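Q: Here is what each chain is made of, one letter per residue.
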Amino acid sequence: MPDLVAADFVVIGSGIVGSTVARKFAQAGASVLILEAGPRVTRAEIVARFRNSPRRSDWMSPYPPAPWAPHPIYQPESNNYLVHAGPYPYEAEYIRQVGGTTWHWAAHAWRNVPNDFRIKSLYGVGVDWPFGYDDLEPYYQEAEELMGVSGAPNTGSPREKPFPMEPVAEPYAMRRIRERLVPAYEVVTNTTARNSRTYDGRPACCGNNSCQPICPIDAQYHGGLAAQAAETAGVKLVPNANVYRLDHDERGRVSAALYYDPDKVSHRVAGKVFVVAANGIESPRLLLLSASDKFPRGLANSSDMVGRNLMDHPSTSLTFDADEDLWLGRGPQSPSSIGIMRDGPFRAEHAPYRLDFTNISRVDGATNALIAQGVYGDEFARRLRYSAARELNVKNVLEVLPDPDHRITLSDQSDPMGIPKPETHYSIDDYTRKGHERSQQDFRRIAELMGGSNLRFSKEGVYANNQHICGTLSMGSDPSTSVCDQWARAHDHENLYLAGTGVLPTCGTCNSTENGLAVALRTAHHILAEHKVGRVPAPSGSG
Amino acid sequence: MTIMRFNVRTWRCTVGAIVLAAAAWVSVGVFAAENPDAALIERGRYLATAGDCGACHTEPGGKPMAGGLAVATPIGSIIATNITPSKTDGIGHYSLEEFSAAVRGGIRADGQRLYPAMPYTSYAKITDVDVKALYAYFMHGVEAVDHKPAETQLPFPFNIRLSMRAWNWLFLDPRPYANDPGKSVEWNRGAYLTLGLAHCGACHTPRNILMAEQNSRLLAGADLGAWFAPNITSDDNSGVGAWSVDNLIHYMRDGHARAVGQAAGPMAEVVDHSLRHIQEADLRAIAVFLKTVPAIRDNTDIKPAFMWGAASDAFSTIRGVAVPTDRDQWSGARLYEAYCATCHQAQGQGSFDGGLPSLFHNTALGRVDTSNLVMTVLDGIHRKPDVNMPGFASELTDRQVATLGNYLMQQFGNPAGKVTVEQVKTSRAGGPSGMWMIWVAQLIMGIVLLAMIGILYVIWRRVVSSDKRAA
Chain A
1 MPDLVAADFV VIGSGIVGST VARKFAQAGA SVLILEAGPR VTRAEIVARF RNSPRRSDWM
61 SPYPPAPWAP HPIYQPESNN YLVHAGPYPY EAEYIRQVGG TTWHWAAHAW RNVPNDFRIK
121 SLYGVGVDWP FGYDDLEPYY QEAEELMGVS GAPNTGSPRE KPFPMEPVAE PYAMRRIRER
181 LVPAYEVVTN TTARNSRTYD GRPACCGNNS CQPICPIDAQ YHGGLAAQAA ETAGVKLVPN
241 ANVYRLDHDE RGRVSAALYY DPDKVSHRVA GKVFVVAANG IESPRLLLLS ASDKFPRGLA
301 NSSDMVGRNL MDHPSTSLTF DADEDLWLGR GPQSPSSIGI MRDGPFRAEH APYRLDFTNI
361 SRVDGATNAL IAQGVYGDEF ARRLRYSAAR ELNVKNVLEV LPDPDHRITL SDQSDPMGIP
421 KPETHYSIDD YTRKGHERSQ QDFRRIAELM GGSNLRFSKE GVYANNQHIC GTLSMGSDPS
481 TSVCDQWARA HDHENLYLAG TGVLPTCGTC NSTENGLAVA LRTAHHILAE HKVGRVPAPS
541 GSG
Chain B
1001 MTIMRFNVRT WRCTVGAIVL AAAAWVSVGV FAAENPDAAL IERGRYLATA GDCGACHTEP
1061 GGKPMAGGLA VATPIGSIIA TNITPSKTDG IGHYSLEEFS AAVRGGIRAD GQRLYPAMPY
1121 TSYAKITDVD VKALYAYFMH GVEAVDHKPA ETQLPFPFNI RLSMRAWNWL FLDPRPYAND
1181 PGKSVEWNRG AYLTLGLAHC GACHTPRNIL MAEQNSRLLA GADLGAWFAP NITSDDNSGV
1241 GAWSVDNLIH YMRDGHARAV GQAAGPMAEV VDHSLRHIQE ADLRAIAVFL KTVPAIRDNT
1301 DIKPAFMWGA ASDAFSTIRG VAVPTDRDQW SGARLYEAYC ATCHQAQGQG SFDGGLPSLF
1361 HNTALGRVDT SNLVMTVLDG IHRKPDVNMP GFASELTDRQ VATLGNYLMQ QFGNPAGKVT
1421 VEQVKTSRAG GPSGMWMIWV AQLIMGIVLL AMIGILYVIW RRVVSSDKRA A
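Chain order of the listed sequences is A and B.
Heads up: the first sequence runs through residues 1 to 543, numbered per my numbering.
Heads up: the second sequence runs through residues 1001 to 1471, numbered per my numbering.
Think of the hints as simulated: they come from the structure by calculation, not from any bench.
The reader is advised that the hints may include incorrect statements.
What the hints assert, rightly or not - Just some of the chain B residues that point at chain A, by a computed CB distance under 10 angstroms:
no.	residue
1	Ser1312
2	Phe1315
3	Gly1354
4	Leu1356
None of the values given here were measured: they were computed from a predicted structure.
Each residue gets a CB set at the ideal place from its N, CA and C atoms; glycine is no exception.
Input sequences plus hints: build the corresponding full structure.
A: Given below as structure tokens:
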């Protein structure tokens, strides 16, 4: 089989991280190829499907999976792409298409708090990162300037330079919550990649309140924009290229990526450096799929750590009716939160968490609930209006500790291309559960301060998932307990790098995208310096 | 109706570029600079803003009046010149008389003629007092920039300036504006600004075959590259007769008159660079004058452009219908929902505060000429401080723009206005090609040459035959 193409850098995955790393390489003058399993999709198609969908609250409904590169779907029924070995189902959602999963997100672009990097040293739990907050600070800034991030100054993450812009105007409901929770709780504006003014040619948020499943005007940054920027910088992006194997030479260097096109014709791509950026589930799956005589457990897996330490952010929540009209649904879906439980000595005992207020319009949910109860006519209109105006929801975003038993493996079932499906092994441990228990007192107090009635706690023992897939390609200094080093280079392969949220050693209490992107930018700068490609610009956030 | 499509604004830049590039070479006597008072300089700054000199002479992000802006025109790319007081690269060596001759007479300091892209036929209306203020500003209120932008190269025969002497004799009225004693001070001020400094006619008055503004059709509307500069005469249906004075003031000051229309394309630039900085009294004077400009009606305009349409939608035609894979097969309703409804709302009603405009009661959809609608869909609207309607040129095919445009006109606008695929293709390319102008001009030059050869031949025959007779 002849080499189809060759490039200096081959990046697998065109999401926000893969595309941004590829763009950095291309800007330095390298030849770069992105292989993306899914198809190209335009924003307009997604908007059209969303507007036409009868399932408005099913954020995956505008993202039908490609038959040749499926992703997990749960509504109206599961497509069983992700196999759950239990004991607790890990029902992750992600999107396999050009631009990846950040086509639909709340655009939370948080930095860790500094202590998140040292929880083993400070609290005796989890692991320490191989570097600290200060090392990552300039790359956080670079990520924020790329994405167009705004936020409040008082979130516990110090910064050298200001945010690139002011936050989006505070929605009325969030203002009322902030005012009524003082002084018991300080409600802060979330740090988000959402325009409050024209930025990078994209318009300001105009409050469609459909951040998920799709920002219809690109006021919110997403991986589709990152992919576009990569191509503008000269990256060659091949969609519908489902990489099913990485080959290596006798020295253990990765030599080629093999992919199937939608007709299952195999293609081979040679490269000098390979970056796997296919998300926290598909990346370890690919490494495991690439097992060979020399590497019988798969690539990068001499430590048997590939796919292990799977983490996310489980959430439990409280829904209640406030004693005043708040009308959730104006402005972005997720504007405000409480950060006081993100860090503290209690982390030795239980999970820290962020308390997150939703601002998603209650109309769809309340309508479905009332119809399910058989309410109709005038009473329906009256109660819908009441719920839409009064209903509030606060959830916790709980840290999960790395646990080798929580992992992604290869299933004995195969996907439509004949490739083994990913299989999840997951549970909610005591540390996380105790965090949930601790948060109940905050829920009650918040409801009390809002004059809440009709308190509806989420079902005990049920944890909603937040799709922040971390840990499965964990970085660390010790090759026996991690997959890659602090530069995200696989311990086992000189020219194989990993990028994305999978490399994060711990998940903290914030959404994982900015951490994944900042770490990947740090990796990209290192790779360019290491391989002496072109001119290596300093991160924009430094100095 | 205009005979030709022509981008007047870019012409303006052309001429400025040519005159000033050349001017920089010329070394005349040292300008004896007296130091005029600050008030005069400030007055000049305001007048230069009203004259929108920076539109062509200031490059985005560049130093004020230093030139360098490359402007695509039908007859080639033009690079605006440096009109800072630099003695080597700008106009620092111009005397007041030379400055006045350039601005009001179209004659550079070296005696060369300007082309009418520089609106000197309008600037000719500027009073002596105001020219002095402008001169003071350009000499003392603008930072000298010693940098010469690249030279503009126009194709033959546009590089020959001699003919402009005849053109000026035909079309340049060199008299400054004289007040009409029968009209109010406000009206006279409005006429002075509209016809002179603000040079509204440069875009809004149609031009004749020799590119001169047709005085008989003052402000009656003209094509401008791919855009259309509308009729702004006092006619109720075709012009701005049905606009209130406040509508006009809001439009000029904010780029937006609610439930009437908004400035886009070249007009958005005029608002950004010039009109939004103009004192309200002057804007009011312009509005008052415009509403008295002799009405010129196109009979296809059966009501004011902003009076068309009402809230409505056609989404019932797409509910439950799968999204077609071939995007060229998307219906107008589908395209509207995916690209427009997010901001302009399901029924075209816009946002409650008018910040996102309604699409009915909107001049962009009220005319039979759909040029500006197509250009707005392709390029969006971008105005200071932060109006940013995205353009969809890179996302929509020509077919999609036509389908969407026709949906918009039918649903919200004047149903007589149509959009064709061919039209979109032409607009996307920047409007009708100007190559024909070059060919026509070259053809005329060829005919003249042949005629001269013919005349010389006849003379030669006569000479020969008289020689024979003499012999």
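Q: Against each hint, give a clear statement of whether it holds in the structure.
A: Here is what the structure says about each hint:
Annotation: interface hint on serine 1312 of chain B violated; nearest CB of chain A at approximately 17 angstroms, more than 10 angstroms. Checking phenylalanine 1315 of chain B against chain A: minimum C-beta separation of about 8 angstroms stays under 10 angstroms; hint holds. Look at glycine 1354 of chain B: its Cβ only gets to about 13 angstroms from chain A, farther than 10 angstroms, so that hint breaks. Given hint, leucine 1356 of chain B at the interface with chain A, holds; its Cβ is 7 angstroms from that chain's nearest Cβ, closer than 10 angstroms.
When held up to the earlier numbered hints, the structure conflicts with 1, 3 and fits the remainder.
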